[in-house]
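Student: Protein chains in written order, with the working numbering: chain Z, 1 to 90; chain C, 1 to 456.
Derived from the structure by calculation, the hints contain no laboratory data.
Ideal Cβ positions, reconstructed from N, Cα and C, are used throughout, including at glycine.
Just so you know, not all the hints are guaranteed correct.
Below, computed lysine-lysine pairings styled on DSSO-like, alpha-carbon distance capped at 30 angstroms [as the list claims (entries may be wrong)]:
#	chain 1	residue 1	chain 2	residue 2
1	Z	23	C	26
2	C	329	Z	88
3	Z	90	C	329
4	C	283	Z	90
5	Z	90	C	154
6	C	443	Z	85
7	C	329	C	299
8	Z	88	C	146
9	Z	90	C	454
10	Z	88	C	443
11	C	454	C	329
12	Z	88	C	283
Listed next, with one range per pair, are the computed distances between beta-carbon atoms [to be verified]:
#	chain 1	residue 1	chain 2	residue 2	range
13	Z	60	C	113	42 to 48 angstroms
14	Z	8	C	74	52 to 58 angstroms
15	Z	85	C	431	41 to 47 angstroms
16	Z	85	C	2	24 to 30 angstroms
Listed below, chain by chain, are the residues.
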Amino acid sequence: MDMINIFTVFILAIFVGFEIITKVPPTLHTPLMSGSNAISGIAIVGAIIATKVGGELGTWLGLIAVIFATVNVVGGFMVTDRMLKMFKRK
Amino acid sequence: MEYTNIAYVLAAVLFILGIKRLSSPKTARSGNTIASVGMLIAIVATLVSYDLLDFQTIAIGMIIGAIIGAFFAIKVEMTQMPQMVAIFNGFGGGASALVAAAEYFNPANPSTFNSATIAISVFVGTLTFTGSFIAFGKLQGFVSGKPIVFPGQKILNALIAISIVFLGVYTVSMGADADPYFYGLVALAALIGITLTIPIGGADMPVVISLLNSYSGVAASATGFVLMNNGLIISGALVGASGLILTNIMCKGMNRSLANVIFGAVGLVQEASSSDGKQIQVKSASTEEVAMILEAAEKIIVVPGYGLAVAQAQHAIREVADFLENMGKKVLYAIHPVAGRMPGHMNVLLAEANVPYEQLLDLDQVNPEFEDCDVAIVLGANDVVNPAARHDTGSPIYGMPILDVDKSKTVLVNKRTMNPGFAGIQNELFGFDNTLMVFGDAKAMLTDLHKDLKEL
């Protein structure tokens, strides 16, 4: 993939992000934050790959990265679910 | 490799659909599930399509991470959500920085572009990591919640920032001999994360947390550029946009610019200007008197603030509100955008106490409601109801949109003491003719009030 393509993807993703996130009502802003925490755990993909590239040092960095990212993914989705299930109508 | 990229695009689509469903509390929970499926697809696709992965290391890391994550997610109190999000922002930033660092030591496709994105990713990720831990410490009480300022702070930050730019440029241009510069970059990025966060405190925390949330996304995106990975770039951009939008909403809620929040250090600076304050004469009332006032009221609006979270009084207020509703009264809740310590903090607390979300109104929706409101009950909120924001050009909160509680027939203000709020200014509302102070811990006060209402 060349640089122009990847920048195109990046810019378009930002626009999509702005479009959909402005529609999230204030009452759900905390779940939005914890949910986006979970999504930024996508770094786990990079962390998995890092265990391969690195040799000795890379493996260690990769391990810590996997731990951090998994905390984000698992904790983020779980706590968001826990919150969202509390939002009830009358 | 083609299939992997298709899987990443699919994951990104599911993230977008998931966030889209957050536009209503009815569909939000399913949205979160959809997003988590997207993440699973991305992880599985990565595990099956790369050769030579160290599965043992990955398994160990995932098990440890999952245990820690699940533990936090199950144990955390709703009042502690700001800390939780703060520390998770830190983990996200840290993970991105570590991935970029691993790539630095063993680049798959060395190029100037690659080195530059590594430098950016490590810088943003490390700054997010240390900044988030300071934010966590402040919210949890490990670090003073007050702004920490010292002479020359801005100059120090500027020097660090300039040094970071130079170290970044050297890291990129020195090729194989860049190690010392790279380590310097990491160290200074960690340092500036701390020095930029310590001067911010108290009621400005929602801005900081939103901003760090945005940074954690930017870091993930930058790592995506390092690895030329669409999945990371798109997801990171979504999170970055989300954090930025929330940051903007929080700044508007305080009528301050982002630069002013980051570099302004409210609270210490303004104390001087507020000390000339005239002594305010307040009237205080007992819970019995409050019960009688409420009995005569028809429309009641509750204004929760950080004090409600500190006192863990969300269940107590809901019980009182239920009782009043059973007496045939209308009860609403007024939620200021910056009430609490993170965006939506009050909404989550009240949802936990089973308050239906239709009863929670935003600033714009609720302000007209105060015109014919009989009693406004202010629980642990201060600056967001200070009328000085409307007229006192010398006040640090001048121009901040506030809740018009003073337009109600009676305003009941619950506070523990007469200490001024975060901005360090006395609240003239407390001295108004229609204001009554009810001193005491919010939870204890509401429990007493509930009892007195029953005894009427």
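Student: Can the suggested window of 41 to 47 angstroms be confirmed for the beta-carbon pair residue 85 of chain Z and residue 431 of chain C?
Tutor: At 44 angstroms between Cβs, range holds.
Student: Does the structure keep residue 88 of chain Z and residue 443 of chain C at a Cα separation of 30 angstroms or less?
Tutor: holds, 23 angstroms
Student: Against the 30 angstroms threshold, does the CA-CA distance of residue 329 of chain C and residue 88 of chain Z hold or violate the hint?
Tutor: holds, 21 angstroms
Student: Decide if the proposed pair is consistent with the structure: residue 23 of chain Z and residue 26 of chain C, CA atoms, cutoff 30 angstroms inclusive.
Tutor: holds, 14 angstroms
Student: Would you check the hint for residue 283 of chain C and residue 90 of chain Z, treating anything up to 30 angstroms between C-alpha atoms as holding?
Tutor: It is violated: about 36 angstroms lies between the C-alpha atoms, which goes past 30 angstroms.
Student: Is residue 90 of chain Z close enough to residue 329 of chain C, meaning Cα to Cα at most 30 angstroms?
Tutor: Holds, because 16 angstroms separates the two Cα atoms, which is no more than 30 angstroms.
Student: Is residue 88 of chain Z close enough to residue 146 of chain C, meaning Cα to Cα at most 30 angstroms?
Tutor: Violated, because 36 angstroms separates the two Cα atoms, which is more than 30 angstroms.
Student: Could you tell me whether the CB distance from residue 8 of chain Z to residue 74 of chain C stays inside 52 to 58 angstroms?
Tutor: Since residue 8 of chain Z and residue 74 of chain C have Cβ atoms about 41 angstroms apart, the given range 52 to 58 angstroms is violated.
Student: Under the criterion that the straight-line Cα-Cα distance not exceed 30 angstroms, is the pair residue 329 of chain C, residue 299 of chain C satisfied?
Tutor: holds, 6 angstroms
Student: Between residue 85 of chain Z and residue 2 of chain C, does the beta-carbon spacing fit 24 to 30 angstroms?
Tutor: violated, 38 angstroms
Student: Given the hinted pair residue 90 of chain Z and residue 454 of chain C, is their alpha-carbon gap at most 30 angstroms?
Tutor: holds, 23 angstroms
Student: With a cut-off of 30 angstroms on the C-alpha distance, tell me whether residue 90 of chain Z and residue 154 of chain C pass.
Tutor: Not OK: residue 90 of chain Z and residue 154 of chain C at ~50 angstroms, beyond 30 angstroms, violated.
Comparing the model with each numbered hint stated earlier shows that hints 4, 5, 8, 12, 13, 14, 16 do not hold.
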